[in-house]
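A.B. asks: Heads up: the sequence lines are chains L and Z, in that order. Oh and the first sequence: position 31 is 31 in our numbering, straight run, nothing missing. Oh and the second sequence: position 81 is 392 in our numbering, straight run, nothing missing.
Calculated from the structure, these hints are not laboratory results. Careful, some of the hints might be misleading.
[Said to hold, decoys possible] Short, incomplete list of chain L residues facing chain Z, as computed with Cβ under 7 Å: (1) 135; (2) 181; (3) 184; (4) 191.
Every residue gets a Cβ at the ideal spot worked out from N, C-alpha and C, and that includes glycine.
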Amino acid sequence: MIQTLLQQIINGLVVGSVYAVVALGYTMVYGILGLINFAHGDVLMVGALVAFTAITFFQAAIPGLSPIVYFALGLMVAMPACMAIGYTIERTAYRRLRNAPRLAPLITAIGVSFLLQTLAMIIWGRNYHSFPQLIQTAPIEIVSGVFMTPVQMTTVGLSAAMMVGLVLLVTRTNMGRAMRATAENHRVASLMGVDTNGIIALTFIIGSALAAVAGVMIASNYGVAHYSMGFMPGLKAFTAAVLGGIGNLAGAMVGGIVLGLVEAIGAGYIETWSGGWLNSSYQDIFAFIILGIVLIFRPTGLLGERVADRA
Amino acid sequence: MPHDNPAAPLLQLRDARIAYGQIQAVKGIDLELFSGELVSLIGANGAGKTTTLNAIAGTLQLSGGDLSYAGSPIASMPAHKRLRAGIALVPEGRGIFTRLTVEENLRMGAYTRNDKAEIESDLQRVYEMLPRVKERLPQVAGTLSGGEQQMVAIGRALLSRPKLLLLDEPSMGLAPLIVEKIFEVIQIVIKQGVTVLLVEQNANLALGFSNRAYVMESGKITLSGTGHDLLHDPKVRSAYLGEAA
Numbered sequence: 001m002i003q004t005l006l007q008q009i010i011n012g013l014v015v016g017s018v019y020a021v022v023a024l025g026y027t028m029v030y031g032i033l034g035l036i037n038f039a040h041g042d043v044l045m046v047g048a049l050v051a052f053t054a055i056t057f058f059q060a061a062i063p064g065l066s067p068i069v070y071f072a073l074g075l076m077v078a079m080p081a082c083m084a085i086g087y088t089i090e091r092t093a094y095r096r097l098r099n100a101p102r103l104a105p106l107i108t109a110i111g112v113s114f115l116l117q118t119l120a121m122i123i124w125g126r127n128y129h130s131f132p133q134l135i136q137t138a139p140i141e142i143v144s145g146v147f148m149t150p151v152q153m154t155t156v157g158l159s160a161a162m163m164v165g166l167v168l169l170v171t172r173t174n175m176g177r178a179m180r181a182t183a184e185n186h187r188v189a190s191l192m193g194v195d196t197n198g199i200i201a202l203t204f205i206i207g208s209a210l211a212a213v214a215g216v217m218i219a220s221n222y223g224v225a226h227y228s229m230g231f232m233p234g235l236k237a238f239t240a241a242v243l244g245g246i247g248n249l250a251g252a253m254v255g256g257i258v259l260g261l262v263e264a265i266g267a268g269y270i271e272t273w274s275g276g277w278l279n280s281s282y283q284d285i286f287a288f289i290i291l292g293i294v295l296i297f298r299p300t301g302l303l304g305e306r307v308a309d310r311a
Numbered sequence: 312m313p314h315d316n317p318a319a320p321l322l323q324l325r326d327a328r329i330a331y332g333q334i335q336a337v338k339g340i341d342l343e344l345f346s347g348e349l350v351s352l353i354g355a356n357g358a359g360k361t362t363t364l365n366a367i368a369g370t371l372q373l374s375g376g377d378l379s380y381a382g383s384p385i386a387s388m389p390a391h392k393r394l395r396a397g398i399a400l401v402p403e404g405r406g407i408f409t410r411l412t413v414e415e416n417l418r419m420g421a422y423t424r425n426d427k428a429e430i431e432s433d434l435q436r437v438y439e440m441l442p443r444v445k446e447r448l449p450q451v452a453g454t455l456s457g458g459e460q461q462m463v464a465i466g467r468a469l470l471s472r473p474k475l476l477l478l479d480e481p482s483m484g485l486a487p488l489i490v491e492k493i494f495e496v497i498q499i500v501i502k503q504g505v506t507v508l509l510v511e512q513n514a515n516l517a518l519g520f521s522n523r524a525y526v527m528e529s530g531k532i533t534l535s536g537t538g539h540d541l542l543h544d545p546k547v548r549s550a551y552l553g554e555a556a
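The task is simple: from the sequences and hints, build the whole structure.
C.D. replies: Here it is, written out as structure tokens:
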């Protein structure tokens, strides 16, 4: 019994840490622009597919390297590719709409999401690509009856490292201080000599780099990558960001982990609870039930300070 | 920047016009500031004073006319580059970053600087000048009183080492004792060789301190002269100092 619970907690942490990393991208952009970048999930998908192509290429071009090296090479190609895409999205789609009515950038974001999916479909096709399993997927027993695979450990480790890195960047550096200042007041930040357009572009670039890593981790965990794989993680991560209080970095991380745990534990017990009427493929309902409950009783999210008043 | 001739103005507005959409807020003004001066811009609400300051700082664009600083045209320069060139604005309503700490707010003022040791010594100088700010360094700035926020805003602007400091209603809504303190700080700043352009509702106070002053009325400059002259001008006294003509 307790093993099942522990096992589901571990599964939840793995999924939740990925949600948290993606949610950071949503929340950073919302914090600085008041915009929900619905294309963020698709940046994750591009990251996974670019890594897939890069890994396949390097395996053919320089065979015989350790799998970890291929994995790292894949990440090293996917991250700059996504950073460039994030920058391009901001520069071409959102910047000119900065003072437009709030619905315009929202609809544009959905449009960018479709655009990225369609482009990916043209480039990589409609098929599922089997993503190279470069990190061991054989489960290791960590406590008796509780298992964790090396790829899961890598996922949690990389996510934690990125979250710590981002928090340090935002709280301890001049650049991070400028990001927080810009988030609070663009005009006054520019009076301090901050190039606010640069800071906003940077926010997209950082968020997209995080999404690239998340995409590679999701693809590694499930062993597949395809053009629409960004939709569900994107939606969940957005939910996590709202759950934690959108615009708030700590909130995105807490929201991601909480959402991952609720889903995994819910999936583990839903069959028992519903007397076999529902099974674990209904796990997605938990995310949205929890979101509904939190928003009814705490409209600003778990750690949020402001009501999300812009689209 | 070419600014060798001491007789040339540090800042010059020529026939400057500023519009919000269709509405002309500033309708062609000429204004000059010379190095080391304290000049005030007085006038009623809605006369265009804040608009003028914002256009000098670069957060608003001119819709016509010229703006030059230290001999070069800067009308198309973005705000963040004007700060690097030495123009700092303490905006109306102070513009404190309420979610940053007091110390972070002050350090934002030094954002464009890389001289660490000098920044630390400038911070110490600000603390000496504004001892009440020093007591509140780790506090989130939104929790400060209005007077303390105004001092943080001025200290923050000074940390950029401006050549030209623009102050927008620094006394607004503050108790007389704090206003007095703020004007003491302005005096110190002037002694350090900074040129100051001050927008004030409290004309009596502003004119008493100023070398020169401009009076604005519905988007135009209607009077200018030395602070002393304007203080004794019957039109100014009746319009802005609450005296019967």
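A.B. asks: Report the numbers of all earlier hints that the structure fails to satisfy, in ascending order.
C.D. replies: As far as the earlier hints go, only 1 is violated by this structure.
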